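From first to last, the protein sequence lines are chains E and R.
Residues in the first sequence are numbered consecutively from 1, following the UniProt record's numbering.
Residues in the second sequence are numbered consecutively from 1, following the UniProt record's numbering.
Worth flagging that the hints you see were computed from the coordinates, not collected in a lab.
Nothing here was measured: the structure is a model prediction, and the numbers come from that model.
Don't take every hint at face value.
Just so you know, same-sequence chains aren't split out, so a pair can sit in one copy or run between any two.
Straight-line alpha carbon distances no greater than 20 Å define the calculated SDA-like cross-link-like pairs of lysine to any residue that follow [claimed, not checked]:
1. K70 <-> L57
2. K239 <-> Y191
3. K144 <-> R123
4. K70 <-> T87
Protein chains: 2
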Amino acid sequence: MCELLGMSANVPTDINFSLSGLISRGGRTGPHKDGWGITFYEGLGCRTFKDPQPSCLSPVARFVQEYPIKSETVVAHIRQANRGDVTLANTHPFIRELWGRNWTYAHNGQLKGYRSLKTGHYRPIGETDSEKAFCWILHQLATKYPRRPSNWESVFRFIAELANQLRKKGVFNMLLSDGRYLMAFCSTNLYWITRKSPFGKAKLLDQDVEIDFESCTTPKDIVSVIATQPLTGNESWQKIESGDFVLFHLGQRIV
Amino acid sequence: MCELLGMSANVPTDINFSLSGLISRGGRTGPHKDGWGITFYEGLGCRTFKDPQPSCLSPVARFVQEYPIKSETVVAHIRQANRGDVTLANTHPFIRELWGRNWTYAHNGQLKGYRSLKTGHYRPIGETDSEKAFCWILHQLATKYPRRPSNWESVFRFIAELANQLRKKGVFNMLLSDGRYLMAFCSTNLYWITRKSPFGKAKLLDQDVEIDFESCTTPKDIVSVIATQPLTGNESWQKIESGDFVLFHLGQRIV
Chain E
1 MCELLGMSAN
11 VPTDINFSLS
21 GLISRGGRTG
31 PHKDGWGITF
41 YEGLGCRTFK
51 DPQPSCLSPV
61 ARFVQEYPIK
71 SETVVAHIRQ
81 ANRGDVTLAN
91 THPFIRELWG
101 RNWTYAHNGQ
111 LKGYRSLKTG
121 HYRPIGETDS
131 EKAFCWILHQ
141 LATKYPRRPS
151 NWESVFRFIA
161 ELANQLRKKG
171 VFNMLLSDGR
181 YLMAFCSTNL
191 YWITRKSPFG
201 KAKLLDQDVE
211 IDFESCTTPK
221 DIVSVIATQP
231 LTGNESWQKI
241 ESGDFVLFHL
251 GQRIV
Chain R
1 MCELLGMSAN
11 VPTDINFSLS
21 GLISRGGRTG
31 PHKDGWGITF
41 YEGLGCRTFK
51 DPQPSCLSPV
61 ARFVQEYPIK
71 SETVVAHIRQ
81 ANRGDVTLAN
91 THPFIRELWG
101 RNWTYAHNGQ
111 LKGYRSLKTG
121 HYRPIGETDS
131 EKAFCWILHQ
141 LATKYPRRPS
151 NWESVFRFIA
161 ELANQLRKKG
171 VFNMLLSDGR
181 YLMAFCSTNL
191 YWITRKSPFG
201 KAKLLDQDVE
211 IDFESCTTPK
221 DIVSVIATQP
231 LTGNESWQKI
241 ESGDFVLFHL
251 GQRIV
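The task is simple: from the sequences and hints, build the whole structure.
Okay, structure coming up:
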């Protein structure tokens, strides 16, 4: 299994506090030692840092922590391989273009009977069940909406229907974003929290690190974080029910 | 205009010596201050580091220089914007999946009359003439070869025909790779060199840096480097003729 981390914010925000918690779980406080990756959106563009090394040892992870990139939407993943070797091609997040947007996807879980999924012209590059499922979702979307859709809420409801079909094949927790919206679909474990004014202090569970959000935010900032397991001990994280999804836009939950 | 840098090698090789020369031209010894990017292939997987900041000031560029990633195929680009703002979405290289491979592309030049190019389901994310031309090439390839082709030399000859059509719209120097092959198409300026045993010394033109390749290679290593302008002063770089292309595989020129 793996762990997921996502962020949606209404202003470019750095995710370093949460990322420190995740990176510790990549081989130090957790067993997810088979690579890690993170995608930061800046407008329509995005950049991904990834490494097949354990995140707790990865020089790329150290760099990303020391050089805080401010972003409105982030998707991150640490991997504990089950299907597919430990290679860069099998390292999440996966990214494909659809409707002139970068779609970023990360999966936690394991699927059976996924090889027969039809993926049209979205062909997997690596060997994972995860990437195959992503290509299938994109193919279904491109088939249903040959042109860029305008009702985004119904697009994400359709994606949730697809995710529910995948959930029947095993475990399918997913983060998915086009840079503006961030969707979290829960099969077994996925928690979220929205932080806004008045901000308080938070303390990581995985490291002896505390932050006072009041000192690094403005009263207008709204930031939501999604994670496989709560990253802090002194805040109330919401669990997403199995088979449900939540959708974030500019830091706020909208569905 | 921009500058291009590519590498093809028969063993995972670091490109840091050549990259140092290129990065200097990104705002220090050259005017290409509008962002930069580099893609490293590791097997079928690849990772791209990019930054809309000038490469000579970019923390990401400094990191890539300090952390030598060994790769068999590299495509890099420094940008001097002409079409499209200085944003991450407009920063080369651009990557898309075709036939289950990551295709990486970087362009130096400027095109007119490119807006009417048909791109099928490969839709540009940014605003550049470069990305539009890339999407057109991919659409032409996917149309001509709906299944993954097997005669790669004829695929690259077809791409050269497409590149020649684009060249008629302005200036079109291009690097293109699927991770195994690296193609360099010349419209105005593109030079290459193959280094193999017996290796000698080389001295950068843009920095007071010298390297003795003998000390960091084995006798079996073969490495080709392609650049907009020669990066070293004491070696013989081959100029590609206007309208011609060269194709590299495992470090050697094969076409």
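Right, here's what the structure says about each hint:
Taking CA atoms no more than 20 Å apart as the test, K70 paired with L57 passes between copies only; the shortest distance there is 17 Å, against 23 Å inside one copy. When the C-alpha separation of K239 and Y191 is checked against a cutoff of 20 Å, the pair qualifies only within one copy, where the shortest distance is 4 Å, while the shortest distance between copies is 57 Å. Taking CA atoms no more than 20 Å apart as the test, K144 paired with R123 passes in both settings, with 18 Å inside one copy and 17 Å between copies. When the C-alpha separation of K70 and T87 is checked against a cutoff of 20 Å, the pair qualifies only between copies, where the shortest distance is 14 Å, while the shortest distance within a copy is 28 Å.
Checked against the numbered hints above, the structure breaks none of them.
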